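Colleague: What follows is each chain in one-letter form.
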Amino acid sequence: MKAEFTIPVVTNIPVTPSVVEGTMAHSRPFVAKSDHQSALGFPEELVEDWHDRALAKMKELLGKYRSLQVFMDSCVKCGACTDKCHYFLGTSDPKNMPVARQDLMRKVYRRYFTFAGKYFPWLVGAVDLTREVLEDWYSYYHQCSECRRCSVYCPYGIDTAEITMAGREILASVGIGQKYSNEIIGKVFKIGNNLGLPQPAMADTLLDLEEEIKEDTDVDVRLPLDDADAEVLLVTPSADFFAEPHVDGLIGYAKVFHQAGIPWTLSSHASEAANFGLFIGNDESMQKVAMRIRVAALELGVKRIIVGECGHAWRVAYSYWNTLIGPFDFLDPDYPAPQHICEATYDLVQAGALKFDREQNDDKVVTFHDSCNVARGSRMGNMPGGQFIIPRALIRASCNHFVDMREDSIQEGTYCCGGGGGLLTDDLTELRVKGALPRVQALHEVIEQYQVTHMAAICAICKSQFTKVLPFYSLGMDMIISVHQLVGDALVLGSKQ
Amino acid sequence: MSTVTYLYAGAFYVAALILVLGVARKVVIYARTPAPFKIPTTPAPTTMPGVAGRMFRETVFFESLFKASKWTWIFGWIFHFAMLIVLIRHLRYFLEPVWVWVAIVSPFGVYAGWAMLIGLSGLWGRRFLVDRVRYISAPSDHLMLVLLLAIAATGLMMKYVWHTDIVAVKAFFLGLMRFDLAPLPSDPLLLTHLGLVVVLMAVFPVSKLLHAPGVFFSPTRNQVDNSREFRHQGIRSS
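So the sequences go chain by chain: A and B. Take the first sequence: its position 324, counted from the start at 1, is 312 in our numbering, and no numbers get skipped. To convert, take the position in the second sequence, counting from 1, and add 1249; that gives our numbering.
Hints are not guaranteed to be accurate.
To be verified - In silico DSSO-like pairs for lysine-lysine, Cα to Cα no more than 30 Å straight-line:
(1) B:Lys1275 with A:Lys47
(2) A:Lys178 with A:Lys95
(3) A:Lys95 with B:Lys1275
Keep in mind that the hints were calculated from the coordinates and are not lab data. Here the structure is a predicted model, which is why all the values come from computation and not from measurement.
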């Protein structure tokens, strides 16, 4: 794969780079155009009084989020987080160390909101809010995928994601939003999904998929749309409808529902699980995007809501939905609301409702990439850490050959794919390739040691990101697959025994 | 009564007020600021006792720091634990009669003083030796360590080199607490030690020392992972 930048070298053991200042200072995503901004209620371009409005917004957010207020004060610069961010590990740019990324805001916070920074700015590293600082914010708050890995290691639990979200919200509120995220949120408002896929196109796609399954298996597996008789509303990332390898995951869900005899449906009104409102730190957008799903569930009269394989969508669904669009008292209380597709499949496996022919996946040696938002921002099942156990149980149920990657690169220590948090855009390709280094390095280890052929994931962003960046590291783009592809391929369809 | 006594008495009253009111103000701000969403860093405990356990491990064993960096953890933990023992030893200047458990712990305070020096030196060394930590260190980060090192060093020097009249020192502090001033010995070492402590108390609420109350309000650590079971409506609650 040719690139206009230097692709990092994959070493045999993980390496913490020496600090090299400014290596990524040039990296910045396209700025949102005026209509992307106005659709979300943000100013169309940089406002004249940006300085005062940015500070007023910061003050508002400090009073709105305990996390931000406590995190601004608590950091002692111990350095625990400095070698934990995949973007630092991949770029050597010190401003990609979580503490330094936080400090971009903290030094402004100190200058205007603390005694020490007001009167002794040189002592505590406080600075005025200038255009240069604002540019730095735009650049480096779009070099954080909000994956929360730093928050695992911080002795005060400081979560850089919270600060990045606040940074982006302040930027957007003075007129410099990010094109990729804001444009997508606008599409969800207007059409119902990130891709701007209208209802007829969706219906066609689903029919095609039904035919494809019929050809492959000779079984009539349905993918219903807006079916008012359904018990389950499946909300999944729209990439599942057509992108590879996502679509094989969707086929997997359909086969599971078919085999378990669960009447389910997709919704054209809520044909998208993703919620980029989280990424830009804008609660109003997040709530508005999420509300479509409540509305669809009520209109269709379903008893359960199940969320497909999507990392941040699951975080929003699991952690935020009940607050934003709850309560879910209209759903069947016997099932968690919402439920993850992996939880649903796992329960069916536990109940003996599904039969697998693992040999169907014998051509693969599989490893599992824990997606950051699932790992550190949510849960599955009824025990802490179920989000690690359940997907692996599904892979083991459908594959004979499974190995895990290095311990500090999985589960709560998992590395982000490098494309999360609203960074999955071509204008950030260099960042995405470099940010994938720690994951690719750990993957490289298991390829060498166990001849791993595939890496399964439960996140649309992870799947798209790896499809794009693995070739830069001379790995096949088809190495990345959906967990429910493995499930679907091994699932024995037809009569139950 | 000397000028020095009045000066130090006044300084301690002012510093104590700044410390107590300043930290109380911050705690009130933290408590009143809403935590609108569930954001525990998962896997997180699913019950309140579980969260209490997590917070205990975090504040007593520095669990997250242990996961992050063994060097920072060992120096940081030695420093903090040693400082606790030293503080307990110093309670004898404020108690009459001295509580039994304070009397039992007190002898260890001397070794703890040395341990503080070791821990602080290790933490300071990292600010020079590790390029990443060097990059993030502001002057105040160095000065805070210098301040604590100087307090520990002057304290130890009074123990080993130039003794002071600790009976008079105790009388001074008991007098402060009873608003009935007693003279403070004017050895330079003692005055330096106490002067630095006054500075430490006064900067506490306007510095990164706020990590001490802050950790208890950190939503990623103090929230129960039960967002599906209970509808979190986060105004003024965690």
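Colleague: With reference to the structure, classify each hint as holding or not holding.
Modeller: A quick look at each hint next to the structure:
no.: 1; hint: B:Lys1275 with A:Lys47; result: 15 Å, holds
no.: 2; hint: A:Lys178 with A:Lys95; result: 39 Å, violated
no.: 3; hint: A:Lys95 with B:Lys1275; result: 19 Å, holds
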